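Engineer: Below are the chains, spelled out letter by letter.
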Amino acid sequence: MSSLILADGQLASDDWTVLDDEAAWPESGRVVVSLARWREVGKAPAGLEVAVSIPNTENVDEFATELLDRPMLLLEIPKFADGRAYSQARVLRDRYRYTGQIRAAGEVHVDQIHFMRRCGFDAFVLPESQSADAARRKLDEFSLSYQHAAVPLTTVWERRRAARAPG
Amino acid sequence: MYRYDEFDQTLVDERVAQFRDQTQRFLAGQLDEEEFKTLRLRNGLYLQRFAPMLRVSIPYGLLASRQLRMLAHIARRYDKGYGHFTTRQNIQYNWPKLEEVPDILADLASVEMHAIQTSGNCIRNITSDHLAGVARDELVDPRPYCELTRQWATFHPEFNWLPRKFKIAFSSSTRDRAATQVHDIGVHIVRNEAGELGYSIYVGGGLGRMPMIGHRIREFLPELDLISYLEAVLRIYNRLGRRDNIHRARVKVLVKATGPEKFAQMVEAEWNALKDSNLRLQPQDIEDIKSRFELPQYDEAAAEEAGYAKQLAVDSRFASWARRNLAPHRVSGYSIVFVSLKANGIAPGDVTAEQMDAVAELADRYSAGEIRATHDQNLVLADVADRDVYAVWQRLSELGLATPNIGLLTDLICCPGLDFCSLANASSISVAQDIFDRFDDLDYQHDIGEIKMKMSGCMNGCGHHTVGHIGILGVDKKGEEWYQITLGGSAEDDASLGDRTGPSVSRADIAGAVQKIVEVYLEQRSDAEESFLATYRRVGMPPFKARLYDSAETPAEALA
Chain A
1 MSSLILADGQ LASDDWTVLD DEAAWPESGR VVVSLARWRE VGKAPAGLEV AVSIPNTENV
61 DEFATELLDR PMLLLEIPKF ADGRAYSQAR VLRDRYRYTG QIRAAGEVHV DQIHFMRRCG
121 FDAFVLPESQ SADAARRKLD EFSLSYQHAA VPLTTVWERR RAARAPG
Chain B
1 MYRYDEFDQT LVDERVAQFR DQTQRFLAGQ LDEEEFKTLR LRNGLYLQRF APMLRVSIPY
61 GLLASRQLRM LAHIARRYDK GYGHFTTRQN IQYNWPKLEE VPDILADLAS VEMHAIQTSG
121 NCIRNITSDH LAGVARDELV DPRPYCELTR QWATFHPEFN WLPRKFKIAF SSSTRDRAAT
181 QVHDIGVHIV RNEAGELGYS IYVGGGLGRM PMIGHRIREF LPELDLISYL EAVLRIYNRL
241 GRRDNIHRAR VKVLVKATGP EKFAQMVEAE WNALKDSNLR LQPQDIEDIK SRFELPQYDE
301 AAAEEAGYAK QLAVDSRFAS WARRNLAPHR VSGYSIVFVS LKANGIAPGD VTAEQMDAVA
361 ELADRYSAGE IRATHDQNLV LADVADRDVY AVWQRLSELG LATPNIGLLT DLICCPGLDF
421 CSLANASSIS VAQDIFDRFD DLDYQHDIGE IKMKMSGCMN GCGHHTVGHI GILGVDKKGE
481 EWYQITLGGS AEDDASLGDR TGPSVSRADI AGAVQKIVEV YLEQRSDAEE SFLATYRRVG
541 MPPFKARLYD SAETPAEALA
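Top line first, the protein sequences correspond to chains A and B.
With the first letter of the first sequence counted as 1, position 62 gets the number 62 in the numbering used here; the numbers rise by one all the way through.
With the first letter of the second sequence counted as 1, position 206 gets the number 206 in the numbering used here; the numbers rise by one all the way through.
Some hints could be false.
Derived DSS-like pairs (lysine-lysine); straight-line CA-CA distance at most 27 Å [claimed, not checked]: (1) 79/A <-> 165/B; (2) 256/B <-> 79/A; (3) 290/B <-> 275/B; (4) 256/B <-> 165/B; (5) 275/B <-> 262/B; (6) 545/B <-> 478/B; (7) 275/B <-> 256/B; (8) 290/B <-> 262/B; (9) 37/B <-> 79/A.
To be clear, the hints were calculated from the coordinates, so they are not data collected in a lab.
On a predicted model such as this, the values are computed, not experimentally measured, just so you know.
Please construct the entire structure, taking both the sequences and the accompanying hints into account.
Structural biologist: Listed below in structure tokens is the structure:
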């Protein structure tokens with residue numbers, strides 16, 4: 001069983017259903033559809049909440065504006081050593097100010113979620129091999145950061161700037 | 001020397017805790033081998049032919065004496081009493097125990113050191129000129145800019161899982177001593193016509209299987225835009241670099257596929273979206289970093305003192321060393337002293353714990369407490385007053401660190417090869433030894449003059465063979481070690497890749513082949529001033545090729 005963990009470390013129940021491209025829309029509920037399907041239909045059928053799953057090979061600059069009102073975007077991590085989705089998350093947050101949930105799904109490893117969170121992910125679908133307890137510990141693995149990223153810890157630069165500010 | 005502030009120290013300490021946790025989970029069977037591998041690599045830990053290998057980061061090659069003493073302590077306590085300086089200004093240990101690595105990292109953290117990102121597909125150690133701050137041909141000291149870049153690259157959340165490793169080098173001088181044009185990014189610190197400070201950016205250089213010289217994609221980048229621009233380059237690479245084939249994954253392959261102009265346009269477009277963000281530096285950020293560098297205090301009276309002229313006249317061994325192993329310092333009355341790690345019988349770059357302690361002692365006594373590691377695998381004491389040069393030489397001689405061969409044939413660079421590395425096809429250290437034996441006569445070496453020989457035990461090219469004036473590459477042929485030779489490479493301003501001479505030669509013949517190449521050079525050079533590289537560029541390959549292969553010694557198989 002996979003588990004869903006949120007940015008605050010809490011386990012959450014996952015009430016989203018992934019919908020195959022060929023499957024008919026259900027009457028109601030929350031579904032995740034492929035980017036291709038979403039770009040075809042352009043809007044959610046009445047009574048449904050629709051999230052969109054984005055392959056990590058896509059350039060989000062090409063379609064981000066079509067997704068800003070989606071409640072959730074799912075970024076696919078096909079291999080844990082493939083870092084493309086990290087850039088997608090940052091561009092969605094920093095450049096397009098996307099405010100819905102960005103969810104990591106696929107080979108999501110606990111040793112990575114601290115960094116994913118800083119790139120703007122705020123939900124993580126952990127595969128069965130990964131422990132939710134470990135994930136909770138790992139979210140706050142580092143207390144500081146040099147980089148400005150989507151969800152900054154107060155950066156080292158800002159702390160230095162504050163320290164030298166007069167008064 | 002850059003001194004950490006509380007934030008730098010906190011991050012390094014938290015890294016130790018992180019790696020201790022990862023190691024414990026691995027040893028307890030909670031972390032699988034493949035996942036642990038990628039995590040340990042980001043701390044420079046390889047599992048090698050005989051034992052783990054740990055690579056420790058030396059940012060831009062700069063070490064304080066207390067750090068060098070700690071490296072000696074680690075060699076003694078956790079290893080077999082020595083370390084190996086690499087071609088990227090780092091140090092490697094070949095015999096640590098996996099379960100002790102967290103303790104080693106904790107020891108390193110106690111002296112503001114670490115092994116962060118010394119391997120793995122992430123941004124590696126930032127390298128620079130080993131003569132930074134003391135060279136006469138320098139525009140500004142590049143090290144504060146390197147340190148800024150080091151901090152930006154450290155634990156960058158977006159760029160820790162790149163298609164492949166990523167190396168950045170800085171140069172700020174007329175002569176490029178940091179091989180910037182064979183790095184993923186080469187940064188040249190320059191002034192524009194208006195006199196403003198900034199950078200020229202080169203992208204897509206590299207060695208290894210597909211050696212390439214970098215392309216300049218921006219002629220002038222303003223000083224405060226360094227980080228936003230690097231971020232743009234890395235984002236383009238992270239998004240578009242190939243991930244289907246490890247041998248086609250470096251940024252150089254992407255730059256080649258798109259073409260440098262198109263690549264530059266993509267970077268420019270990304271940068272336009274980033275440059276006015278909080279990635280833009282404030283002048284005070286740079287000043288802050290500069291203020292954390294403790295710089296040597298020079299004694300103005302040193303220029304008036306006697307120096308070492310008298311000893312030069314009476315001690316020919318000292319004179320011979322001074323001719324090769326000293327370089328002029330920008331402050332008069334001071335000299336730059338090269339500590340040769342290339343002695344007969346020693347693997348190039350190897351240094352014992354006792355030697356490290358002794359060099360640290362020399363640095364404290366005579367050279368502002370600092371030591372530099374060079375990408376030619378030597379050390380430098382950069383701030384020695386001329387009055388002290390003779391005493392430094394005497395001590396280095398006792399330590400076996402005064403071979404007068406800097407820049408000469410036996411100052412060759414070399415990877416660990418088959419003796420240690422699990423990637424290697426052939427040994428390189430023993431070939432280095434053969435060459436040492438054959439050219440042991442130093443007068444002969446002095447007569448040959450400046451020649452950069454570089455040797456790698458496999459295609460990955462850690463010994464930078466493709467940019468050696470003479471390059472040697474070990475290859476495997478049906479289980480036997482053979483060697484390909486290239487001529488005419490260079491990693492400096494006139495960067496070029498060497499040309500293959502022809503079929504590879506056997507282990508038994510390689511030192512002889514080098515001898516033949518040197519003989520052809522000595523016959524062909526117009527006078528003693530014409531260097532090997534200049535001669536090769538003038539006369540070309542034919543005379544070398546003729547001598548190398550027109551011989552009964554050449555085995556028939558190699559000609560096939």
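Engineer: Evaluate each hint against the coordinates.
Structural biologist: Here is what the structure says about each hint:
1. A threshold of 27 Å between alpha carbons decides the hint, and for residue 79/A with residue 165/B the separation of about 17 Å falls inside it, so the pair holds.
2. In summary, the hint linking residue 256/B to residue 79/A is supported, as the alpha carbons are separated by about 26 Å, within the 27 Å threshold.
3. With a C-alpha separation of about 23 Å, the suggested pair residue 290/B and residue 275/B falls inside the 27 Å cut-off, and the hint holds.
4. Pair hint residue 256/B plus residue 165/B holds up; C-alpha atoms about 17 Å apart against a cutoff of 27 Å.
5. A threshold of 27 Å between alpha carbons decides the hint, and for residue 275/B with residue 262/B the separation of about 19 Å falls inside it, so the pair holds.
6. The suggested pairing of residue 545/B with residue 478/B holds, with an alpha-carbon distance near 25 Å, which does not exceed 27 Å.
7. For the given pair, residue 275/B sits about 26 Å from residue 256/B by alpha-carbon distance, which is consistent with the 27 Å threshold.
8. A distance of roughly 36 Å separates the Cα atoms of residue 290/B and residue 262/B; the hinted pair therefore is violated under the 27 Å criterion.
9. Restraint check: the Cα-Cα separation between residue 37/B and residue 79/A comes to about 14 Å, which is no more than 27 Å; the hinted pair holds.
The structure fails to meet hint 8 from the earlier list, while all remaining hints are met.
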